[in-house]
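2 protein chains.
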Amino acid sequence: MPLDPERERLADLERRSLLAEQARQQAHHLRTPLSVIKLISETLQLELFDDRAYHERLQRLLGAASTLSNGLSDAVRSTRFGDGPQKRLDALSVAADVVRLYGGRVVAPADTRSAALGVEIERDSFEAAVIHCLRLLGVGTDCGHPWGHRPVLEYREGDGKVILRLSVEGRPNPEIPSERADLKLMTLAAERAARDAGGTLTLTDESATFLLPLVAGSG
Amino acid sequence: MPLDPERERLADLERRSLLAEQARQQAHHLRTPLSVIKLISETLQLELFDDRAYHERLQRLLGAASTLSNGLSDAVRSTRFGDGPQKRLDALSVAADVVRLYGGRVVAPADTRSAALGVEIERDSFEAAVIHCLRLLGVGTDCGHPWGHRPVLEYREGDGKVILRLSVEGRPNPEIPSERADLKLMTLAAERAARDAGGTLTLTDESATFLLPLVAGSG
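If you read the sequences in order, they're chains A and X. Numbered as in this note's numbering, the first sequence ends at 208 without a single skipped number. Numbered as in this note's numbering, the second sequence ends at 208 without a single skipped number.
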């Protein structure tokens, strides 16, 4: 079976999205203790200003805290992903392409006007988010089950929003090892993509539902 | 094109290997500044022992340093990958399976005795390492070039070692964006897998060469 360039492109987005999310989470969780260290060291340094020996040691301590802080920021910067400009995208057609590429089908109401599904979203992170959701539903990660279950994308719109619902047919009980760090990062990265577009993502065992605001003038 | 379960399994190993490597690198780089912070705070705490106000603040500072330290260790622990037991594997056949799965071919000398290629290595991390090397040679990552170049695995053995050399045919000038963080992590993870098996990995623009020691009695 030859490599599919489009699938490889998406796998690449997927990897980069996870690494970026891991770096962001790490930086986020370590920011609070790091500012405690900086704050205490700085006030001690002020109070012990006259004592040169203390001053120098606190200076070294602050230097080490800066190194830590820079290390965390560098990790975020070097894995930067999906922070390009948000553009108006046909969210349905982007999601549909990803779902079809993974062997899925799209359920469309008869009166679809594709132009009505314009959403302001960053493309790479949205594509990665759709794949993350498919993984979370078992596509390529459901080690305990036979292959062949099929992703389904349903959508509807209304009230200035579009709803894209992903699920998987033919698999009664997913066995996703949800404690795995990579799957947690998938959840976080997919939720972030929805949030960055002003929307939400709701994940259950059976489905992943994006609720995204339509851009003004397209409703 | 249906999903290939084996390729999806390898893509999963690949993702987990990268996340584990990122967590390890992060912990490694932040360990030194973190011990500076701990050491200085501890000595200050001893010296300022009589002053209760200082003591308490230094205690909070040390608490924050512990939180940081635990955060880094947790990230390493939760992404743990490829730290299962090393087992005796037929390294050639494992690498050959991966290369063939990515459309490649294997060049074998006529007098191959497969039993002679026993290497003590952890299977998941070795499989991930082989894919990382293919990516670094452009398979699925070479955005600037037409598809269709083909991986090649060559090997020879001698002197108690096996040499597995990966390259790609039909691609004169790879255009790999080597500054990308994910590709750096691929390099580090693949080198680590080789090192953990007591061997080395040599990466150039054109090839990736594993030099792995054969286990005693199989040479």
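Calculated from the structure, these hints are not laboratory results. Incorrect hints may appear among the rest.
Since copy identity is lost for identical chains, a pair holds within one copy or between any two.
[Claimed, not checked] DMTMM-like mimics (lysine to aspartate or glutamate), calculated; alpha carbons at most 25 Å apart, straight line:
#1 K173 <-> D(-7)
#2 K173 <-> E(-3)
#3 K173 <-> D79
#4 K27 <-> D185
#5 K173 <-> D148
Now for the hints, and whether the structure bears them out:
1. K173 <-> D(-7): Classified as between; 24 Å across copies, 27 Å inside a copy.
2. K173 <-> E(-3): For K173 and E(-3), both the intra-copy (22 Å) and inter-copy (18 Å) Cα distances are at most 25 Å.
3. K173 <-> D79: The answer is neither: 27 Å in one copy and 34 Å across copies each exceed 25 Å.
4. K27 <-> D185: Neither. Shortest intra-copy (30 Å) and inter-copy (38 Å) distances fail the 25 Å Cα cut-off.
5. K173 <-> D148: Close neither inside one copy (31 Å) nor across copies (46 Å); limit 25 Å.
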